[in-house]
Amino acid sequence: TVSAGESVSNFLYSSTNMRLKLPITCFILQIILIILFGVLVQYDEDTDAKKHHHGNHSKTKPDIENDFYYRYPSFQDVHVMIFVGFGFLMTFLQRYGFSSVGFNFLIAAFSLQWATLMQGFFHGLHEGKIHIGVESMINADFCTGSVLISFGAVLGKTSPVQLLFMAVFEVTLFAVNEYILLTHLGTRDAGGSMTIHTFGAYFGLMVTRILYRPNLDKSKHKNCSVYHSDLFAMIGTLYLWMFWPSFNSAITEHGDPQHRTAMNTYYSLAACTLSTYAMSSLTAHDGKLDMVHIQNAALAGGVAAGTAGEMMLTPFGSMIVGFLAGIISVLGYKYLTPILENKLKIQDTCGIHNLHGMPGVLGAIVGAVTASLASKEVYGEGLEKVFPEVAGGHRTASYQGGVQAISLAVTLGMALFGGLIVGFILKLPIFGAPRDTTCFEDSLYWEVRKPQSHFSYAEKKIGTSFSITVLFYKQFLWKTNISD
Amino acid sequence: TVSAGESVSNFLYSSTNMRLKLPITCFILQIILIILFGVLVQYDEDTDAKKHHHGNHSKTKPDIENDFYYRYPSFQDVHVMIFVGFGFLMTFLQRYGFSSVGFNFLIAAFSLQWATLMQGFFHGLHEGKIHIGVESMINADFCTGSVLISFGAVLGKTSPVQLLFMAVFEVTLFAVNEYILLTHLGTRDAGGSMTIHTFGAYFGLMVTRILYRPNLDKSKHKNCSVYHSDLFAMIGTLYLWMFWPSFNSAITEHGDPQHRTAMNTYYSLAACTLSTYAMSSLTAHDGKLDMVHIQNAALAGGVAAGTAGEMMLTPFGSMIVGFLAGIISVLGYKYLTPILENKLKIQDTCGIHNLHGMPGVLGAIVGAVTASLASKEVYGEGLEKVFPEVAGGHRTASYQGGVQAISLAVTLGMALFGGLIVGFILKLPIFGAPRDTTCFEDSLYWEVRKPQSHFSYAEKKIGTSFSITVLFYKQFLWKTNISD
Amino acid sequence: TVSAGESVSNFLYSSTNMRLKLPITCFILQIILIILFGVLVQYDEDTDAKKHHHGNHSKTKPDIENDFYYRYPSFQDVHVMIFVGFGFLMTFLQRYGFSSVGFNFLIAAFSLQWATLMQGFFHGLHEGKIHIGVESMINADFCTGSVLISFGAVLGKTSPVQLLFMAVFEVTLFAVNEYILLTHLGTRDAGGSMTIHTFGAYFGLMVTRILYRPNLDKSKHKNCSVYHSDLFAMIGTLYLWMFWPSFNSAITEHGDPQHRTAMNTYYSLAACTLSTYAMSSLTAHDGKLDMVHIQNAALAGGVAAGTAGEMMLTPFGSMIVGFLAGIISVLGYKYLTPILENKLKIQDTCGIHNLHGMPGVLGAIVGAVTASLASKEVYGEGLEKVFPEVAGGHRTASYQGGVQAISLAVTLGMALFGGLIVGFILKLPIFGAPRDTTCFEDSLYWEVRKPQSHFSYAEKKIGTSFSITVLFYKQFLWKTNISD
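Residue numbers (our numbering), protein chains in the order written: chain A, 1 to 484; chain B, 485 to 968; chain C, 969 to 1452.
Calculated Cβ distances over 12 Å to all of chain C for the following chain A residues:
{"no.": "1", "residue": "Gly128"}
{"no.": "2", "residue": "Leu173"}
{"no.": "3", "residue": "Ile210"}
{"no.": "4", "residue": "Asn342"}
{"no.": "5", "residue": "Ser372"}
{"no.": "6", "residue": "Thr396"}
Derived BS3-like pairs (lysine-lysine); straight-line CA-CA distance at most 25 Å:
{"no.": "7", "chain 1": "A", "residue 1": "Lys51", "chain 2": "B", "residue 2": "Lys860"}
{"no.": "8", "chain 1": "B", "residue 1": "Lys772", "chain 2": "A", "residue 2": "Lys220"}
{"no.": "9", "chain 1": "B", "residue 1": "Lys911", "chain 2": "B", "residue 2": "Lys827"}
{"no.": "10", "chain 1": "C", "residue 1": "Lys1188", "chain 2": "A", "residue 2": "Lys288"}
These aren't lab readings, by the way, just hints derived from the structure by calculation. Keep in mind that this is a model prediction, so the values were computed, not measured. Each residue gets a CB set at the ideal place from its N, CA and C atoms; glycine is no exception.
Produce the entire structure from the sequences given, and follow the hints as far as they go.
Right under this line is the structure:
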């Protein structure tokens, strides 16, 4: 018999049974969200029936200029990247598909609500209220993306409750960092090379460093892909790749900046894809392409165009950036990830350092350089939209470039420090983290059906064992034969 | 030898061979559609080359105000929900993936054409002609969605010919019900909590009740999912979830109503997702999440925001609605579905009562309450767009609320009565319905390739039986070992 | 030991090892692209910060009239068709999923860059510079689509280096053909029935004819689908089907032509789907539907509406076209493909002749007839947008119809002649083409993980052989039992 003390102790320190932990966490978080939304959140001018139609009809802007029509298609593309892109990208693990897609879904649904509050709180309240519309929805999805990047580092080694708590803290810190950069420093970072990718990556890497599992090789045999799981992951890859132009351009100014950002990203990604294939083949001893590289490194061009994409980077510049990002990323997967794991004890399941970390830093540097070269000669009247501080004469272009570089340092500092604190919080033995032997395994948190019910049905029809045995041989031989 | 009489009898009463039935049905339906389109259908003002450019250029509205640019992105999102969303959501069945996606495809392609005619006929002919454009395309997709909801109830137990006939009748009744509600009663139901979800669900439930199969447990072993089929189903779930904001806002008025509806739905779904995860874990004895709940109940927030989404529900209100919808839906899957099946003989394959039925009713009630609280103070000049009858002084808000409530009753009545009639029609033994033992089975209607051709190739390479036997053991153990 | 000469000879003539070939090809192509972009390419008026804001603000067009807002949603739909649509459509092969999606990805990423240059070069340089924006991005994706169609014919039988070289030549010829048609002849072909589908199909068919492999039956056992691969392929099919209205309307004139084209294509596809199901069932001896037909022939309606879609074809006319396209396409798969293969030695892996070839020719003919019937009575002032030459009085409608017909002949000639030349180039034994026995096989070019690591883990837990043997029987019986 189990004593009350033991029972409590089991509950607190070891059980991965989510029956109480997960419902309580979800319910409390959601109820807090609902209350805070009730107190703080209001429709903005473009979503409110009254504000949108203020008295005099002649002053009302035409419906087509509602921000919805400028941004909603981009929002939906970003939304697909968050839920299908990130979700399916992580299904490459053979026995972790439910958790990859499912936990991605859960923490994204939480984060976008919490991000609405945190970003609204920091980005300027309107008479104590947070005003929301399609732009805040995109920003909330962006912040969610950062959390999902960090999720990639700890994938397979954390319980859903841990992930929800990580999201609570990371969203908050994301909003603080974003506030410092965009509002205080006047940094330009429309596609989030710094605020989203660099922040999410180094935060996640620090968390996974603190959560280091020396005996993770006990579940190493599950930490790999199978044929079909790699195809599912390609669904995620392709949606991220295709919609990255929408991601980077989603919250730029209307008109030419939005148009230009999408196009720069498009060419950066295309160039990145070719360098990824080249490097993947070049670094394999037999020239065979590695799905891990294709699934991830081909996206680095989008990350690296996140800051400078809205600037006059030119397609030429974008392609160079993408080209380099692909090379760096594949080299990272091939040579740096093993070093990080063995020497620095950073177990980075999805290799986010290669997809978001280094390309994010590259993107920040490219952004700083491009900003420092901005001039009225190149941007004309359009300078106002991209560098309002420079256009207004409050800053020189090179000062703006310096601000961009400082912003990268601030972001790295915030991410690493934040990850350190949050890592230790998540280490508390109350969240139901999996044991070393049960990492990368859906059946710990999910009802995984086994096709047992068929057996009873099939049993009735057992035929001659001889023919069966022969067929088994055939089936087996076919399976092992495929790759001859 | 088979006599001519027997042959006819077999053809009429028992054969599931579709060689004549399906082609004849498809051809006749399509030819009727083509003829009716030729006689009745015309381009509307925004799609016709001539009408769009009437003589005086200065009077012509600018191209950007063509309804295409307001609605086409939403239409494409809805289109994805209909074909990929509904189609893949139903692929959870292990041996019914071809039929789920394929019959979904077939009856959707038919229904959208037939719906164009029926809705055009009822919603006001223009001098005897039906005028069509992007709005009618969205409406046709909406009506199709209703048919696909009903398909979910009978999934696995019907032949494609039965489904086509169901669609013929259901689309017609849908158009009648929609006509009564929107045109006669002046009901507001932009996202179709009543017209689409409640109607489709209760119609389908009544049909499956009439088609009750007492011996369905003979194919029970196929009526379940396997690992990969659940991942395919998640593709459907996520597309439905992501694009539901577009669904609910697709045919609202331009400007703030469209913007607001999308945002309300976004928050309703997010809150619903958290309550779904909480309830799924709470109702499992070992706290494990159930894929069925995640795949379905997380969508209930979109259904429940279908009527009130365009109103000033506020994000706060939307989140409460979504939160409740998720709870109701999981409870339905857990406790109500078995009761419906055992006591009321309603075999609801996909659990549409939990995803569309109850949340649809909830949405209708929320809509009625929200409508009854509408006021000029809250909506300002925007009242005209959401409640034209109230803004015009023809109705009070509470009267509008009453109309909304009556509309729910009308919809339930139409759906149940319609389903009763159509169920009996579909019971006629001429449509090639599967036998009890061959339900949930693709190979009845589809050419399912077996990898036999490999055997002959593999046979040539049979090795030692010893190593094979050992490997079989290993393979088997790995498979059974996964969930330890 | 291998001599230097032998080593070189192996490198040149036989090795399928891509370690040097693929990286060198990718790097050289990408570096050439970057240099040419640096020299030749500039932002157009809608993407450039300066050009978009020329001095006087009052003259600047409003942001909402930036071409981005007219075309970007369509562009993204087209983009999804190119990468997910074409990519997953070809995953039907059981062991070629990585290559289908992965090579599709590679050659698309290359082709869209190269197409930007080639199309820009031919379609009119602006003072020696190529101006690019969203319309050029769509055109580049279109040209890429043509290459991917040709890829479908040689799928499984070519190395990635061969494919890249094919793309280099095909893109160039595509641009020449498009230039002759659109610029010189004044042909209308917004959705590319001729320029994209007919060209891509007959080019690819000629290439595969030249690359004829008499002993391809050695890998015949891999040239088929399995259950899950057919479901993956349906993802491709559905995205192509859903977004085809966006494809055909993506570069039509703003306003009613774009709106009308999308709608015509929508109804053409719907009608095509019903005739495809009918024909698939009718041509199978037991009435069972064939996934190959559903995956491909249901799309023929989009191809066939590519030229006439923007014209006043009416929904009625569109449905007739789609209806016929579906019938032709299924008949092609059933009866023509075996003839092409056995008599004409055209090994067409994906059956592009049935999906793109014949429906493309049908679309061109329908376009010629519809154009020849154009009149001011029907089009009003809108004639200017669809047939500027006819509206301007420079041509009669019947002359325009003749031009359309001639354009088809030109396209066929260019495609067949180009395919002939390129086929012989690709036959050079330096590109690492697979041997006859290793066609349709991912593991030749991809690292394909085998779940061997599990075995060592599982071995530790071997239980009693008796229960295992029984379970094997059960498992086997269940598998073979499914389709009874």
